[in-house]
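Chemist: Protein chains in written order, with the UniProt record's numbering: chain A, 1 to 173; chain B, 1 to 173; chain C, 1 to 173; chain D, 1 to 173; chain E, 1 to 173; chain F, 1 to 173.
It is worth saying that the hints were derived from the structure and are not from the lab.
In silico BS3-like cross-links for lysine-lysine, where the CA-CA straight-line distance does not exceed 25 Å: (1) 112(D) to 155(C); (2) 133(E) to 155(E); (3) 155(B) to 112(C); (4) 155(F) to 112(E); (5) 112(F) to 155(A).
This one's a predicted model, so the numbers in the text were calculated from it and none came from an experiment.
6 protein chains.
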Amino acid sequence: MVVRALYPGRFQPLHWGHVSVVRWALERVDELIIVIGTAQESHTISNPFTAGERVLMVREGLRDAGIDISRIFIIPVPDILMNAAWIAYVSIYVPPYRYGVARNPLVVRLFKEAGYEVLIPPAYDREVYSSTKIRLMMIRGDEGWRRLVPPSVAKIIDEIRGVERIREISGRD
Amino acid sequence: MVVRALYPGRFQPLHWGHVSVVRWALERVDELIIVIGTAQESHTISNPFTAGERVLMVREGLRDAGIDISRIFIIPVPDILMNAAWIAYVSIYVPPYRYGVARNPLVVRLFKEAGYEVLIPPAYDREVYSSTKIRLMMIRGDEGWRRLVPPSVAKIIDEIRGVERIREISGRD
Amino acid sequence: MVVRALYPGRFQPLHWGHVSVVRWALERVDELIIVIGTAQESHTISNPFTAGERVLMVREGLRDAGIDISRIFIIPVPDILMNAAWIAYVSIYVPPYRYGVARNPLVVRLFKEAGYEVLIPPAYDREVYSSTKIRLMMIRGDEGWRRLVPPSVAKIIDEIRGVERIREISGRD
Amino acid sequence: MVVRALYPGRFQPLHWGHVSVVRWALERVDELIIVIGTAQESHTISNPFTAGERVLMVREGLRDAGIDISRIFIIPVPDILMNAAWIAYVSIYVPPYRYGVARNPLVVRLFKEAGYEVLIPPAYDREVYSSTKIRLMMIRGDEGWRRLVPPSVAKIIDEIRGVERIREISGRD
Amino acid sequence: MVVRALYPGRFQPLHWGHVSVVRWALERVDELIIVIGTAQESHTISNPFTAGERVLMVREGLRDAGIDISRIFIIPVPDILMNAAWIAYVSIYVPPYRYGVARNPLVVRLFKEAGYEVLIPPAYDREVYSSTKIRLMMIRGDEGWRRLVPPSVAKIIDEIRGVERIREISGRD
Amino acid sequence: MVVRALYPGRFQPLHWGHVSVVRWALERVDELIIVIGTAQESHTISNPFTAGERVLMVREGLRDAGIDISRIFIIPVPDILMNAAWIAYVSIYVPPYRYGVARNPLVVRLFKEAGYEVLIPPAYDREVYSSTKIRLMMIRGDEGWRRLVPPSVAKIIDEIRGVERIREISGRD
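Next comes chain A alone, as it looks inside the complex:
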């Protein structure tokens, strides 16, 4: 029986911290389902990239890291604003799974209330690896964000002119 875990996030954009969680989880389960949340939203400061762009970034970024993509599902899921039913709702969109992967206490709680066990990955350095900080660097014109993400992610962002987009949204351009 294939054992799967579900790892939800927004991945705006994927960074090396996310990659470390994926690697850690794949040591514990056969397959990992990555749910790209808030899939309906894009072109905002918090969510500049579309779900489809994020699907691509996650796949190519994990490939960069040498991760076996055939063990990964990448599933975008739009929001419903009902926390108490959120796990059941997300579970419609994904193959059967045994574990949730989360550190956030609310997400841990929601998995447990829905009857799932939770795998809590070790903390990465959130002062450095943070999508929020990456977006702020992009807005400020600080090129340092490039070393916080896999090279394919930077390449995709360049191809879609993502920095220009987020600067326009923020009123900086």
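Following the hints, complete the assembly by docking chains B, C, D, E and F onto the known chain A.
Modeler: Quick look at chains B, C, D, E and F alone, frame taken from chain A:
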């Protein structure tokens, strides 16, 4: 530049006809995006399987057929009931693509009105390869459906006791 | 610990068959939660009465039958069209409960898939006690529907001129 | 004080029967609000034209008939599936009005339940002037539909290749 | 004819101030409909408790206060984000009523614009009795919240480990 | 062939700055489509007026300015929260058009990504002509707002007692 096409369907369930379309499309583009539509619905006669179950069937069924999964995206998308905006809406959830893949005249039209070129695959025998007929065979207790789908699809349906489910929904069980 | 069960239905309108299920369930649990489904819909042939009118009919109809209303919750819930998450969704709106009450195989299945035990009440005579037949009698002008529902239900329908409403909707008036 | 009435319909497409209702209503009120319902839907057999196409057809068709467009509001409104709140919902989108314009008993009832008086226009010949019949003529290739609609409506349908569209949707083309 | 009033709130959680409004209203009408708003939301700092948990708290809390529950309806209603249609929308879910109960000027206005009279209850001390302050006390670990709510409400919050939940959501636990 | 442009805004309320954009656009196209966005919202500080009230203000305000209303479409459109599909979604509700009219960089970008050319009107003095400032003046009781809007707009706001409404919403009244 990677060239992609988008192939939408409901895949309730995936059958060999679908597989032949995928194979045909992969001869023409680098990567194929398979959109699993009506993703919100399950446990009805027309849509017995959840989106997540269908994601799994599509992936494993294509693997059975020797198709290179690393060239495939499988993306579930819930309905909006606005045909005129449907292509733009679906496009949020998927990586950039150049072609639609469709034979249905309405879907061909929607792709064209949205500015996409359309690849029209050769017809397969819809009298034989038809998800509707497969579901009817399941309801009637006709085991013949098993040879219309890849073996992994039949195996997944067995594991989730899918025939029992559709018979219950139809009131036959 | 209070033991509760959840009994979902549309109650268009409540009839003596429903009352028998409620009575049967109250012999098995401390409190019964009656969920009035498809709460958003009214003024159609299948759903002529509003959720609020149905809340009133259920409460007064059960009172007629001598049922202790203080052991009952009556909760209207609008549809979501996602069967696989429906039980989790309904559960947001109701107090904690242990059992589902259902005979319909799909509803029994959905309760079980969501981790609830199911109490299956004995069948009542669905040839006689049927909301669909009651609505058809109303449309045809057959007063026989009045003996199929508790007297308070008939009184409420008269007060809101419900028969006139359903006849208008059906084009008979 | 300007006196207005609200006339709801789907106008798939506008025909001379609709025009006669508009003319009749403008003899009784200062301004008429035409609500184009089911605005979200298009590219189906029942609703082939988009809301925007219908806005244009209604405006140009009424102009053909010599009606003073400056006394008309044309407002598309998407469906909510809650009949009991429908009038209140539609009223968000339109200027204040005193009367509903309707013959359909359900619509008359909904206006009255929401506290509006209703103007009931004289019947036109629904055997001849019927959007449903016009759409069927288009599907069958019967050019007779052209004399049932104002010339501008036929011209707009030709410009958007509407007959081709509806025939494709119906599987006739 | 039974005279009813409608009292909307979020009741996150019910406190003695709410109880005093209920008592005051029941001196003026036969039956009171308590609408639990924002029913879809839970597990947030502003709305930690589910609609169903709040239904239970309201019923048990009013029982504590010696209020005759058979004169009360407790109806959870999810948000629509259309203020101008909100009263009509809520009215779908509740039995017919004559009065709104509100002090907030916007809510008073919405009831009046929808054609309802409004009963304005005397002010209670909002510096002390405030759901917002109760939630802050829970987050800070101040046990003082317990004397601001009926004992059954505190008991239910303990049973569902509600303080732990809100502290987790707030990042304090 | 009629050339049209689409000008989106919230118009809470219409002011002389908006009028100058309309006048400028009508020098460049045959017809202008004014989309009234966030149409579902009203009775909030940011969106005090209903869509229907805004339709009326825009029409009468443009008439005051001597603009030929027969060249204008005024179409209210409710929000969807999907920026990447927003132009396609709005386009359902309006007649065919060639240009977007916008200065905001995000809106300019969304038009371009959807394949439309953009007409960028000259800036008006946003320190003076600003709906946000007009609403603040109303709340503070500063009558200066009256000279920032066409006289018909002020008259409509008086008739609907709009200043009283916004002051109540803000807690100032």
